[in-house]
Amino acid sequence: GQQLNQSPQSMFIQEGEDVSMNCTSSSIFNTWLWYKQDPGEGPVLLIALYKAGELTSNGRLTAQFGITRKDSFLNISASIPSDVGIYFCAGQLEVGNEKLTFGTGTRLTIIP
Amino acid sequence: DSGVTQTPKHLITATGQRVTLRCSPRSGDLSVYWYQQSLDQGLQFLIQYYNGEERAKGNILERFSAQQFPDLHSELNLSSLELGDSALYFCASSVGYSRREKLFFGSGTQLSVL
Chain A
152 GQQLNQSPQS MFIQEGEDVS MNCTSSSIFN TWLWYKQDPG EGPVLLIALY
202 KAGELTSNGR LTAQFGITRK DSFLNISASI PSDVGIYFCA GQLEVGNEKL
252 TFGTGTRLTI IP
Chain B
434 DSGVTQTPKH LITATGQRVT LRCSPRSGDL SVYWYQQSLD QGLQFLIQYY
484 NGEERAKGNI LERFSAQQFP DLHSELNLSS LELGDSALYF CASSVGYSRR
534 EKLFFGSGTQ LSVL
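The listed protein sequences correspond, in order, to chains A and B.
When you line the first sequence up against the numbering used here, it's residues 152 to 263, in that order.
When you line the second sequence up against the numbering used here, it's residues 434 to 547, in that order.
Simulated from the structure, these hints should not be mistaken for laboratory data.
Hints are supplied without guarantee of correctness; some may be wrong.
Incomplete in silico selection of chain A near chain B, CB under 8 Å [as the list claims (entries may be wrong)]:
1. S158
2. P159
3. M162
4. P190
5. E192
6. K250
Dumping the calculated DSS-like pairs for lysine-lysine here, alpha-carbon to alpha-carbon at most 30 Å [said to hold, decoys possible]:
7. B:K535 to B:K490
8. B:K490 to A:K202
9. B:K535 to B:K442
10. B:K535 to A:K221
11. B:K535 to A:K250
12. B:K535 to A:K202
13. A:K202 to A:K221
14. A:K202 to B:K442
15. B:K490 to B:K442
16. A:K221 to B:K490
17. A:K202 to A:K250
18. A:K221 to A:K250
19. B:K442 to A:K221
Where is the CB? At the ideal position from N, CA and C, for every residue including glycine.
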C-alpha cells in the first residue's frame with residue numbers, strides 16, 4: 152500500500168534537546184496529521200493541519216503544512232522523557248476522513 | 434483512554450484458522466475504521482463503516498471481512514489465516530467522516546499466526 156516517506160527513522164537525543172522530523176509524499180494532500188504512538192497503545196492525534204503553509208502549535212509541538220502540499224514538518228522543543236514514542240505523519244487525499252495514509256514513523260528515544 | 438474498546442488484546446492462532454476481532458467505538462461515534470499495523474508495511478487502512486454501511490475500502494484482502502452492527506460495534510473477520518497476517522489490528526472511531534473530525538484509536542489487537 153501507499154506510504155509516506157518519513158525521516159529520520161529513529162532519533163536518539165538527550166533530554167532538553169529540540170527535535171525535528173519531516174514527512175514527504177509524491178502526492179498532494181488536503182490534510183496533514185501528526186500522531187504519537189506509545190508502546191501497547193494506539194496512535195493519538197497531536198496536531199492537524201488543513202491549509203498549505205499553515206503553522207500550528209500544541210504546547211511544545213509545532214507542525215507545518217508544506218507550501219507544495221507534499222510535505223509536513225514536526226518540531227518538538229525542549230524534549231522531556233514522556234516524548235519517547237513513535238511519531239507518525241498521516242495525509243488525507245480525499246474529502247472525508249477515510250483513507251488516511253500513514254508515514255513509516257520516527258522512533259524517538261531519549262538518552263539519559 | 435481513547436474510549437474505543439478492542440477485544441481481545443492478544444490472539445494466537447494457527448495458519449488456516451479464522452478469527453474475529455471486536456471493536457466498540459466511543460459513545461456517539463458513528464464511523465468505525467480498521468487499520469493493520471505491521472513492521473514492514475506500517476499502518477494500512479483496511480475499511481471504514483459509517484452508521485452500519487460500508488463507506489470506504491482500502492487494502493483489505495478478500496479473506497478479510499468486516500461489518501458494523503446496529504449498536505455500532507464492529508467486527509473484523511480474518512479467515513484462512515497466513516503467517517503474514519500477523520500484525521497489530523487497530524480500530525478507530527469518529528463522530529462522522531469529515532476531514533476535520535478527530536479519529537480516536539483503540540489499543541489494538543495483537544494477532545500472532547503460528
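For each hint, the structure was consulted:
1. S158: violated (14 Å)
2. P159: It is violated, given that the least Cβ distance between P159 (chain A) and chain B is near 15 Å, above 8 Å.
3. M162: Since chain B brings no Cβ nearer than about 17 Å to M162 (chain A), farther than 8 Å, the hint is violated.
4. P190: Violated. Min distance 11 Å.
5. E192: Where the cut-off is 8 Å and the nearest Cβ of chain B is about 5 Å from E192 (chain A), the hint holds.
6. K250: holds (5 Å)
7. B:K535 to B:K490: With a Cα-Cα distance of about 19 Å, the restraint between K535 (chain B) and K490 (chain B) holds, given a limit of 30 Å.
8. B:K490 to A:K202: Roughly 26 Å separates the two Cα atoms, so the pair holds.
9. B:K535 to B:K442: holds (23 Å)
10. B:K535 to A:K221: With a Cα-Cα distance of about 21 Å, the restraint between K535 (chain B) and K221 (chain A) holds, given a limit of 30 Å.
11. B:K535 to A:K250: The hint holds at about 14 Å.
12. B:K535 to A:K202: holds (16 Å)
13. A:K202 to A:K221: Satisfied, since the Cα-Cα distance of roughly 12 Å is no more than 30 Å.
14. A:K202 to B:K442: At roughly 37 Å apart (the allowed maximum being 30 Å), K442 (chain B) and K202 (chain A) break the hint.
15. B:K490 to B:K442: Since the Cα atoms of K490 (chain B) and K442 (chain B) sit roughly 24 Å apart, the hinted pair holds (cutoff 30 Å).
16. A:K221 to B:K490: Cα-Cα ~23 Å, so holds.
17. A:K202 to A:K250: It holds: about 18 Å lies between the C-alpha atoms, which stays within 30 Å.
18. A:K221 to A:K250: Satisfied, since the Cα-Cα distance of roughly 17 Å is no more than 30 Å.
19. B:K442 to A:K221: Given that 30 Å is the threshold and the Cα spacing comes to 36 Å, the pair is violated.
Going through the hint list in order, the structure does not satisfy hints 1, 2, 3, 4, 14, 19.
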